[in-house]
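Chains as they are written, first to last, in this note's numbering: chain A, 1 to 317; chain B, 318 to 564.
Because the hints were derived from the structure by calculation, they are not lab data. We put the CB at the ideal spot given by N, CA and C, even for glycine. Some hints here could point you the wrong way.
As the list claims (entries may be wrong) - A few chain B residues facing chain A, derived, Cβ under 10 Å:
#, residue
1, F337
2, E341
3, A394
4, L404
5, R522
Stated by the list, open to error - Simulated DEER-style distance windows between Cβ atoms:
#, chain 1, residue 1, chain 2, residue 2, range
6, B, F349, A, S189, 33 to 43 Å
7, B, F340, A, S189, 40 to 50 Å
8, A, I92, B, Y489, 29 to 39 Å
9, B, F340, A, D172, 35 to 45 Å
10, A, R122, B, G490, 50 to 60 Å
11, A, H199, B, F349, 47 to 57 Å
12, A, N25, B, H320, 39 to 49 Å
13, A, A276, B, Q562, 49 to 59 Å
14, B, L544, A, S189, 53 to 63 Å
15, A, G126, B, L437, 36 to 46 Å
16, B, A556, A, I92, 25 to 35 Å
17, A, W76, B, L437, 47 to 57 Å
18, A, Q119, B, E341, 31 to 41 Å
19, B, A556, A, P137, 33 to 43 Å
The residues making up each chain are set out below.
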Amino acid sequence: MDKGGVRLEHPIIKTVDVVHSFGRNLTLKNLTLNAPSGISGFIGRNGSGKTTTIGVLLGLIKPQSGKATFFGRDCWKDSIAIRKRVGVMHEINAYPVNFKGGELLEFVAKIYDIPNSAQSIRQVLGEVGLEDARDKPIKTYSAGMLRRLGLAQALIGEPEFVILDEPTANVDPLGRVTLLDNIKKIHDSKGTSFLISTHILSDLEKICNWIIIIDEGRIVEQGYVKDLAEKYSANVYKIQVSNPWLFAGAVQELAMVQNTTVNNQTVLCKVNDTKAFYQVVPKLVADLKLELIGLQQISGTLEEIYKHAIGVKSDDT
Amino acid sequence: MTHKSILALMRWELKEYFSFPVFEIVLFIAVFSILNTSSILPVYAERYSNLHWGIQNIFFYLTISICAVFSRSFAGAFSKNEIKTLLSYPIKRSSLFFAKYLTMFLTLLIIYASVWASQLYIQALSPLEPMFWVSLLAIIPEILLLSTITVAIALVVKNEVVSIFASVLLLYGLANLESGGISLLIATGRYKALFGYFSILTHGRLPIGMMYVHPPEDVVIAFLAPLLISIILLAMSIAYFKRMQID
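For reference, chain A alone in the conformation it holds in the complex (with noise of 0.2 Å):
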């Protein structure tokens, strides 16, 4: 079982006590995290150790102990081979700017030995929506089309796996819809996985079904993302009476209860004592001689769940 209370049989992705640092600065502290296929969000501060986590993925940086797999494989010793399977996009790519966007494209295909890479070169910038700027050079791109020719060069010769870090920086509300979009499309269609590292959660929240949580350089909280909606949101229930406001005052009386809110015609009710709660509200209901017309948890949004996980770590700590 992992800290998100999820048995997972077959990560693709798997660290163990991972610890890393930059000189005196310890930038991975026990690192242990799993990512299923499907698209998974890393979600952390800036400086919270995502890229560096990263780093250490795709065997661009030593771990000093610890171990980290992907695909079964060691992410150090059997780099190439991982890579070979996986698309990144990192948060500052440093294309040649003298290059056209197709020339680029046509540079990756010659790495990753791509069969006709003409027709994956279309297909690639077709899924981005780049097909008019393929013959236009890299310095002339805006930095919403500099995401979406990273996105492509991460999605040619169909990965397994893509690996983007923060793929929505410097893009306009609109472009991050459409990467986002984009990014949905691809899964469902051709099943690849992505790991998504972010620190704008409401990019992830219609998008990933697992969740990471990283905070200086330890993992919070991992898990689905309905799983981890459902473990933070416990403790909230929203009531329909047939009086709100007299079931409002009743119910704030109740050890239980930390509080109370009347929103639109619903009573929400943070309570520190779900099983007991759930018990009393149908029998204080009838007392008050009111009509239950609805009683219901309330799903946890994604900024719920972080507020929650990075709570939990600080007063662990």
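Assemble the complex: chain A is given as a structure, and chain B must be docked to it using the hints.
Just chain B now, with coordinates in the frame of chain A:
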């Protein structure tokens, strides 16, 4: 890695580091360094001696070009994340190193050899003049030595500007250790040792203006020492590059 991949990497290097105006500047410096050399011997039989006049001048500009070009390609590539981008593809570190090094080395060699060939015309020498070929051959180990020293520095400092300054200061510092121009510690001294020795072999006398003849063992050292040092430095640089943390 196939040879196609290596060629693709070399093309990347050429496009990135020798595109306008860098190639033109390097070429201009090379032409300037040759034209700036004086021709003082008009007598045909002695004109080959002009090939060693002003050689210090040529090494001065060659050093600047090598320090700048190799520092950009290696240290500059770290600064702008190019190494990280390229090594995220299935490219072996040793292949990337060789592709970078060979591209820079061959380009500079071709530029300087081509420009040096213009000496045949400028000095009105026969293409069969053996001292022309000796002088050309004597420049190759110097380019090798200067470039391997610069690459080693570039890999350690990983900053283009610092690398250029450090390598220029180190190499000119070495050149200033000895001012007479005959010590084997400096490029000019090694070149003159080879030039003088082969001048006696081919023309039966020292070139005009050269007063000192090096013993044969000096000639061997002048040719082999830069080669050996370069090979050792290259091996160390590759070993270091293969173990580097690419952050």
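Exercise. Once the shortest beta carbon distance from B/L404 to chain A is found, is it less than 10 Å?
Worked result: 6 Å, holds
Problem set entry | A/Q119 versus B/E341 beta-carbon gap, inside 31 to 41 Å or not | Because 38 Å falls inside the window, the suggested range holds.
Problem set entry | Supplied contact hint for B/E341, tested at 10 Å Cβ to chain A | At about 14 Å, which exceeds the 10 Å cut-off, the nearest Cβ of chain A leaves the hint on B/E341 violated.
Exercise. Holds or violated: B/R522 as interface residue toward chain A, Cβ cutoff 10 Å?
Worked result: Because about 51 Å separates B/R522 from the closest Cβ in chain A, which is outside the 10 Å limit, the hint is violated.
Problem set entry | Status of the B/A394 interface restraint (C-beta, 10 Å, chain A) | Where the cut-off is 10 Å and the nearest Cβ of chain A is about 8 Å from B/A394, the hint holds.
For this session: Mind checking the hinted window 53 to 63 Å against the Cβ distance between B/L544 and A/S189?
Result: 57 Å Cβ-Cβ, so the 53 to 63 Å window holds.
Problem set entry | Pairwise beta carbon distance, A/R122 to B/G490, judged against the given window 50 to 60 Å | 55 Å, holds
Exercise. Should the hint that B/F340 and A/D172 are 35 to 45 Å apart at their CB atoms be regarded as holding?
Worked result: Between B/F340 and A/D172, where Cβ atoms are some 36 Å apart, the hint holds.
For this session: Determine whether the Cβ-Cβ distance between A/I92 and B/Y489 falls within the hinted range of 29 to 39 Å.
Result: 34 Å, holds
Exercise. For the pair A/A276 and B/Q562, does the Cβ-Cβ distance stay inside 49 to 59 Å?
Worked result: For A/A276 and B/Q562 the Cβ distance comes to about 53 Å; the hint holds.
Exercise. Is the interface hint for B/F337 satisfied, with its Cβ closer than 10 Å to some Cβ of chain A?
Worked result: 8 Å, holds
For this session: Take a look at whether the Cβ-Cβ distance between A/H199 and B/F349 falls inside 47 to 57 Å.
Result: 51 Å Cβ-Cβ, so the 47 to 57 Å window holds.
In the structure shown, a violation is registered for the earlier hints numbered 2, 5, 6, 15, in ascending order.
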